[in-house]
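Residue numbers (the numbering used here), protein chains in the order written: chain V, 1 to 212; chain P, 1 to 974.
Careful: at least some of the hints might be erroneous.
Calculated cross-link-like contacts (lysine-lysine; reagent style DSS-like; alpha-carbon spacing at most 25 angstroms) [stated by the list, open to error]:
hint : chain 1 : residue 1 : chain 2 : residue 2
1    : V       : Lys14     : P       : Lys605
2    : P       : Lys165    : V       : Lys123
3    : V       : Lys164    : P       : Lys138
4    : P       : Lys568    : P       : Lys605
5    : V       : Lys142    : P       : Lys816
6    : P       : Lys32     : P       : Lys238
7    : P       : Lys165    : V       : Lys142
8    : V       : Lys205    : V       : Lys14
9    : P       : Lys138    : P       : Lys53
10   : P       : Lys53     : P       : Lys378
11   : V       : Lys164    : P       : Lys678
12   : P       : Lys659    : P       : Lys821
13   : P       : Lys867    : P       : Lys659
14   : V       : Lys123    : V       : Lys164
15   : P       : Lys472    : V       : Lys142
16   : P       : Lys862    : V       : Lys14
17   : P       : Lys973    : P       : Lys816
18   : P       : Lys821    : P       : Lys678
19   : P       : Lys816    : P       : Lys630
20   : P       : Lys315    : V       : Lys123
21   : P       : Lys165    : P       : Lys630
22   : P       : Lys379    : P       : Lys227
23   : P       : Lys518    : P       : Lys472
24   : P       : Lys518    : P       : Lys421
25   : V       : Lys142    : V       : Lys14
26   : P       : Lys131    : P       : Lys112
27   : P       : Lys919    : P       : Lys892
Note that these hints are calculated values from the structure, not bench results.
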Amino acid sequence: MVDIIRRSPVTFDKRPARVENRHNWNVVTEFADEGEEGPWITDLCHKTRWDVQDGNLMSLNSSDLPIPENYGDCSLSGEMAVNRMNRTQASVWHFSDDAVQMPNQSAYTETTDATVFLALYGKNVFSITEKLTNLDLNGPDKNPPTLVQGPFSHVPCQILVVNKDGEMPGILFTCSRGYARDMVHAVMDAGREFSLKPAGEDRCKQWINQIL
Amino acid sequence: MMNRLKNLPTLRVNTSEKVSVTYRGKQYEGFKGDTVASLLYANGIRIFGRSLKYHRPRGLYSLDGECSNTCMQIDDIPNERAENIPARDGMNIREQNVKGSAEKDMMGFIDKLDWAMPAGFYYHTMHRPAKMWPVAMKQIRKAAGLGTLNQNFNRHERFDEIFPKTEVCVIGGGPAGMAAALEAADKGVRVILLESRPWLGGFYEYRTSVDESGNFLYSKARTLAEKVEAHPDIRVFKHTFMVGAYNNNLITAFQRGGETESFHERYIEIRAQSVVVATGCIERPLIFENNERPGVMQAGCAHRLCRTYGILPGKAAVFSIGHDTGLEAAVDLFDMGLKIACIADLREDGQDPELLEKVKGRKIPYYPGRVATEALGKKRVTGVKVGTIDGTVEETYTCDLVVASAGFTPVTGPITINQGKLKFDEHTGFFLPSVLPDKTHVAGRINGLGNPASIEASGKLAGLRAAAECGKDLTGEIDEAQGELNDLPGPQRGSKFVTGPVSGRKSYICFDEDTTIKNIKQAIRKGFDVPELIKRYTSAGTGPGQGGIPGHNLPLFTAKFKAEENEKIRPTNQRPPLVPLFLSTYAGTNHDMAKRTPMHDRQKKDGGIFRRLGVWRRARYFSNDFSCRKEIENVRNNVGILDGSTLGKFRIHGPDALKALQRVYISNMEKVKQGRVKYTAMCNDDGCVIDDGVITKLAENDYFFTTSTGRAGSTVEWIRYHTRFDGWDFNLVNLTDALGVINLSGPNSRKVIEKVTDQDISDQALPFSGVKEYTISDDIPVTVMRLGFVGELSYELHVPSSYMESAWDLLLEAGKEFHIKNFGVEAQNVLRMEKGHVILGQESEQRTNLTDINMGFLWYRKKKEAKTVGNVALEQTVNDTGRLKLVGIKMKDPSRAPGDGCVIVDDTRVRGYVCTIRKSFSVEGVIGMALVEQPLAKNGTTVFVYEDECKGNLSEAQVVPMPFYDPEGKRMKA
Chain V
1 MVDIIRRSPV
11 TFDKRPARVE
21 NRHNWNVVTE
31 FADEGEEGPW
41 ITDLCHKTRW
51 DVQDGNLMSL
61 NSSDLPIPEN
71 YGDCSLSGEM
81 AVNRMNRTQA
91 SVWHFSDDAV
101 QMPNQSAYTE
111 TTDATVFLAL
121 YGKNVFSITE
131 KLTNLDLNGP
141 DKNPPTLVQG
151 PFSHVPCQIL
161 VVNKDGEMPG
171 ILFTCSRGYA
181 RDMVHAVMDA
191 GREFSLKPAG
201 EDRCKQWINQ
211 IL
Chain P
1 MMNRLKNLPT
11 LRVNTSEKVS
21 VTYRGKQYEG
31 FKGDTVASLL
41 YANGIRIFGR
51 SLKYHRPRGL
61 YSLDGECSNT
71 CMQIDDIPNE
81 RAENIPARDG
91 MNIREQNVKG
101 SAEKDMMGFI
111 DKLDWAMPAG
121 FYYHTMHRPA
131 KMWPVAMKQI
141 RKAAGLGTLN
151 QNFNRHERFD
161 EIFPKTEVCV
171 IGGGPAGMAA
181 ALEAADKGVR
191 VILLESRPWL
201 GGFYEYRTSV
211 DESGNFLYSK
221 ARTLAEKVEA
231 HPDIRVFKHT
241 FMVGAYNNNL
251 ITAFQRGGET
261 ESFHERYIEI
271 RAQSVVVATG
281 CIERPLIFEN
291 NERPGVMQAG
301 CAHRLCRTYG
311 ILPGKAAVFS
321 IGHDTGLEAA
331 VDLFDMGLKI
341 ACIADLREDG
351 QDPELLEKVK
361 GRKIPYYPGR
371 VATEALGKKR
381 VTGVKVGTID
391 GTVEETYTCD
401 LVVASAGFTP
411 VTGPITINQG
421 KLKFDEHTGF
431 FLPSVLPDKT
441 HVAGRINGLG
451 NPASIEASGK
461 LAGLRAAAEC
471 GKDLTGEIDE
481 AQGELNDLPG
491 PQRGSKFVTG
501 PVSGRKSYIC
511 FDEDTTIKNI
521 KQAIRKGFDV
531 PELIKRYTSA
541 GTGPGQGGIP
551 GHNLPLFTAK
561 FKAEENEKIR
571 PTNQRPPLVP
581 LFLSTYAGTN
591 HDMAKRTPMH
601 DRQKKDGGIF
611 RRLGVWRRAR
621 YFSNDFSCRK
631 EIENVRNNVG
641 ILDGSTLGKF
651 RIHGPDALKA
661 LQRVYISNME
671 KVKQGRVKYT
681 AMCNDDGCVI
691 DDGVITKLAE
701 NDYFFTTSTG
711 RAGSTVEWIR
721 YHTRFDGWDF
731 NLVNLTDALG
741 VINLSGPNSR
751 KVIEKVTDQD
761 ISDQALPFSG
771 VKEYTISDDI
781 PVTVMRLGFV
791 GELSYELHVP
801 SSYMESAWDL
811 LLEAGKEFHI
821 KNFGVEAQNV
831 LRMEKGHVIL
841 GQESEQRTNL
851 TDINMGFLWY
861 RKKKEAKTVG
871 NVALEQTVND
881 TGRLKLVGIK
891 MKDPSRAPGD
901 GCVIVDDTRV
911 RGYVCTIRKS
921 FSVEGVIGMA
931 LVEQPLAKNG
941 TTVFVYEDEC
951 KGNLSEAQVV
961 PMPFYDPEGK
971 RMKA
């Protein structure tokens with residue numbers, strides 16, 4: 001008998017403390033030994049993601065989908081992040097635990113399985129990221145939330161700088177799903193000197209709520 | 001351990017914490033904070049190794065790694081600079097380039113044979129007769145190089161890398177650099193400060209003289225350092241060596257890790273908006289006979305040995321110096337207990353009167369206008385001859401230390417490697433920057449400044465200018481700082497004196513390469529009369545010290561010897577890395593970023609042998625039988641399962657999607673229908689096929705298409721590029737990673753799918769070239785395409801990646817009774833070859849176009865709206881008979897296949913080559929595909945294959961029709 005489950009491409013070398021089955025995904029809500037210090041990395045691959053493309057992108061702007069006007073800007077709420085990528089394109093990252101129904105319009109493409117989706121947050125986050133990218137994620141010109149597109153550990157990524165300041169700086173980022181294992185390995189390796197630990201979805205939610 | 005000076009306020013060693021190392025099997029003790037060199041020196045070790053060419057004894061000369069004198073093997077790593085490496089407990093140290101020991105080197109006799117090895121001797125000796133050179137070359141290579149790398153040595157240290165961004169990068173953590181950093185940071189910009197020593201302070205750090213306000217310079221250095229390190233906008237990298245500077249102020253450096261750091265060495269790549277170079281000066285060596293004999297050292301080296309490491313460098317010294325800092329060192333070292341036989345100052349006048357008073361007050365014999373001419377002693381200094389500059393008077397002194405320095409020279413590498421220009425300045429005797437790189441400023445002693453207040457003021461000014469480059473309006477403050485600097489003492493007078501009256505036979509201008517003054521003269525006489533040519537002919541400045549010792553002495557001496565005007569003096573170029581570093585440091589952590597399919601682990605568990613294919617890792621074989629016989633036969637007879645997830649997958653939608661497809665695809669894309677897949681190809685402007693795949697229509701103005709694995713990464717750019725002037729409205733989504741692909745092939749493949757879905761999968765419901773949405777196990781949405789790449793009944797199942805493993809398991813379970821088995825990329829390669837299907841890049845290349853490789857059937861020539869990429873080139877070659885053609889070949893010898901890529905030849909020339917060739921288990925014999933010249937393309941033609949090392953025995957093959965297997969396609973359409 002084969003279990004029908006959806007699998008994340010991300011694996012951590014840590015024991016999950018709590019796992020929840022959600023829409024065929026086994027979601028780790030907490031890892032053992034997460035600690036209270038951070039920084040942390042959380043797998044969010046199970047979160048629904050869409051690509052939205054249209055020649056007149058702003059015509060799709062609504063309260064359900066607040067598309068930012070300027071490239072690089074992001075509309076961030078507890079429900080989703082809408083990242084304006086360029087003139088015709090935005091990426092939508094949902095945070096909800098519930099299944100999200102994609103509008104039946106040609107502009108939308110389901111891309112949940114196209115990318116690996118990770119959160120990297122807590123202290124020293126930018127000391128970790130500078131080991132992996134020459135993108136200036138912490139630059140004075142960056143006003144979070146802001147989207148940066150470019151190489152992260154040599155792989156093209158969409159990086160949302162969620163917070164720069166205080167005790168809880170952090171980013172959310174996506175890259176091609178196939179890179180998941182090497183990306184996680186690279187990030188964990190870069191974060192080793194800062195005691196980077198895998199954390200479950202609950203801690204990531206706390207972080208986002210704390211910022212919002 | 002000899003007595004160490006303790007309780008000095010300038011000390012950088014912790015005399016309460018001991019460190020023990022092993023040198024030549026014996027334990028030596030030092031203090032925490034010692035370098036390997038200072039620890040050994042404190043224990044009486046004076047000879048650290050032997051020189052490259054003449055095996056001359058070498059000792060401590062500078063303390064900043066300016067030459068290879070102290071290159072040693074430390075913990076099995078050769079060529080570590082003992083003067084830069086902090087001593088750590090348990091280190092195992094060995095001398096280099098010795099046969100015996102550094103003290104008793106059996107190769108030391110070579111020093112007497114210098115007459116037989118003039119400059120560039122290997123260019124004009126040992127070449128005749130010609131057969132002598134290979135023998136001589138071996139010996140020269142054996143003798144060349146310092147240190148030996150153990151071939152079995154593995155590095156276990158961690159090499160890290162970071163890519164920080166900043167507004168201002170300050171190179172040099174001396175007083176000018178610190179002042180610049182503080183000033184810039186106070187203006188609200190981010191600053192990175194790089195310092196090569198393990199602490200900040202530079203020129204001030206060890207000096208007990210005072211500034212105008214009566215503050216000790218060392219104390220001032222520490223106060224400044226505290227401020228810098230506490231500033232929130234200044235990031236300090238100590239023990240960090242700048243190695244390169246590139247366009248747009250990309251600065252590269254590496255940092256040595258301390259005991260508490262997580263790395264051994266760390267590569268740092270800094271992108272800065274502006275740069276301040278405050279690298280100060282190094283001492284310019286004074287050249288005289290035996291000027292590199294152990295016991296001869298620079299004034300700064302002697303002074304810092306005492307003040308920083310608590311080691312009195314000798315018992316009795318002679319100073320031969322050319323600057324006030326040398327006088328200051330003499331006075332201070334005298335006060336610390338060093339006996340000084342005399343001070344020879346090559347300057348006739350211009351000395352600091354206050355310092356002269358101090359010398360006089362201590363009754364140290366002082367001789368202006370005199371200079372050391374020869375160091376005495378076989379292995380270490382036992383005395384020195386000092387004479388007048390014109391050579392009229394010479395006296396001999398007994399001593400164990402000669403402190404020698406001709407003057408200072410600015411550290412200009414960071415400027416010149418970034419295309420800055422230098423010009424000789426008569427007043428300072430320096431090569432000063434005449435053209436600076438964009439947004440680069442200089443500060444401090446590099447400008448010839450010597451007064452502490454001037455040095456700091458110049459730093460402040462450079463800091464303000466650098467901050468202004470980052471968009472800060474600081475015009476008023478810059479003017480004020482400039483005024484302040486103008487009111488202070490300007491650059492000090494210097495000299496271009498290099499050497500006294502010596503024969504030059506044993507006067508070394510380059511320690512690393514054993515290049516003497518005599519060698520330089522020999523090179524000039526041979527016509528190599530400019531420093532850049534002399535450098536190459538004599539090797540001066542090409543050693544590990546990167547020109548630190550010969551540096552500006554070489555052009556100055558050349559100019560003097562040729563009696564050239566100052567205007568004409570040009571220094572040699574420096575190139576990155578300015579300081580040697582490990583290749584491992586450049587490599588950094590070096591994560592090999594590759595893509596894995598959702599089935600990677602499962603296939604690995606099933607015995608898959610993986611190979612890198614572009615960005616992906618793919619299972620190429622499933623056993624050690626690389627002919628893949630069992631995999632192939634199972635596909636032909638039962639059913640095989642292949643992970644094809646690496647295929648490129650794209651959605652294109654929007655009002656002008658069809659136009660874009662017509663532009664890039666060679667076929668008529670209007671014919672693409674819902675429920676059907678169309679095989680087609682993309683060409684480049686030359687008509688060469690660059691990609692192929694299938695396409696289907698999802699809805700009006702909405703298509704899904706696949707590309708080859710290798711092209712997936714560039715497909716979006718390709719389509720956008722070729723439609724860039726049209727203003728068409730279409731959107732592309734890369735779904736390559738979103739969907740996994742399961743290729744189910746073989747006569748039983750339909751039966752397997754029937755078991756996992758209730759929907760109709762019959763030939764009527766899903767005929768060949770059909771596409772349909774299915775749901776398997778009620779949960780998993782799957783798009784099924786019926787294709788035939790391997791020539792059997794085949795299905796391509798496109799599955800959401802997260803469901804791939806579940807779908808795969810379901811099919812394996814369902815296929816158990818039909819003997820379902822994995823097959824890999826190599827088996828697929830053979831299967832499709834038997835069917836005569838091409839793989840782009842394997843059966844195609846830049847000289848072959850669509851029609852050459854028998855794919856002309858895809859070409860639709862009557863498109864109205866879109867000009868298809870490659871169409872014009874294809875039209876032009878329609879009647880060209882001089883092109884390569886793809887043909888099938890069968891080897892006469894059925895027992896073995898030649899390799900892919902073997903050339904096809906006739907008596908005189910190459911006529912083509914084999915693209916893919918294998919022993920076939922489906923069709924008897926060795927068959928393959930080859931690109932041959934058109935006259936050979938006719939069926940039945942005999943061709944000859946040339947294999948590597950065939951010794952002229954060509955293999956015979958015959959051109960045969962394709963496909964080799966199931967030519968009517970009955971099996972795949974079954």
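Do the hints match the structure? See the list:
| no. | hint | in the structure |
| --- | --- | --- |
| 1 | V/Lys14 <-> P/Lys605 | 21 angstroms, holds |
| 2 | P/Lys165 <-> V/Lys123 | 19 angstroms, holds |
| 3 | V/Lys164 <-> P/Lys138 | 60 angstroms, violated |
| 4 | P/Lys568 <-> P/Lys605 | 71 angstroms, violated |
| 5 | V/Lys142 <-> P/Lys816 | 56 angstroms, violated |
| 6 | P/Lys32 <-> P/Lys238 | 17 angstroms, holds |
| 7 | P/Lys165 <-> V/Lys142 | 13 angstroms, holds |
| 8 | V/Lys205 <-> V/Lys14 | 20 angstroms, holds |
| 9 | P/Lys138 <-> P/Lys53 | 15 angstroms, holds |
| 10 | P/Lys53 <-> P/Lys378 | 17 angstroms, holds |
| 11 | V/Lys164 <-> P/Lys678 | 50 angstroms, violated |
| 12 | P/Lys659 <-> P/Lys821 | 42 angstroms, violated |
| 13 | P/Lys867 <-> P/Lys659 | 10 angstroms, holds |
| 14 | V/Lys123 <-> V/Lys164 | 10 angstroms, holds |
| 15 | P/Lys472 <-> V/Lys142 | 18 angstroms, holds |
| 16 | P/Lys862 <-> V/Lys14 | 61 angstroms, violated |
| 17 | P/Lys973 <-> P/Lys816 | 24 angstroms, holds |
| 18 | P/Lys821 <-> P/Lys678 | 28 angstroms, violated |
| 19 | P/Lys816 <-> P/Lys630 | 16 angstroms, holds |
| 20 | P/Lys315 <-> V/Lys123 | 54 angstroms, violated |
| 21 | P/Lys165 <-> P/Lys630 | 56 angstroms, violated |
| 22 | P/Lys379 <-> P/Lys227 | 46 angstroms, violated |
| 23 | P/Lys518 <-> P/Lys472 | 54 angstroms, violated |
| 24 | P/Lys518 <-> P/Lys421 | 29 angstroms, violated |
| 25 | V/Lys142 <-> V/Lys14 | 34 angstroms, violated |
| 26 | P/Lys131 <-> P/Lys112 | 28 angstroms, violated |
| 27 | P/Lys919 <-> P/Lys892 | 12 angstroms, holds |
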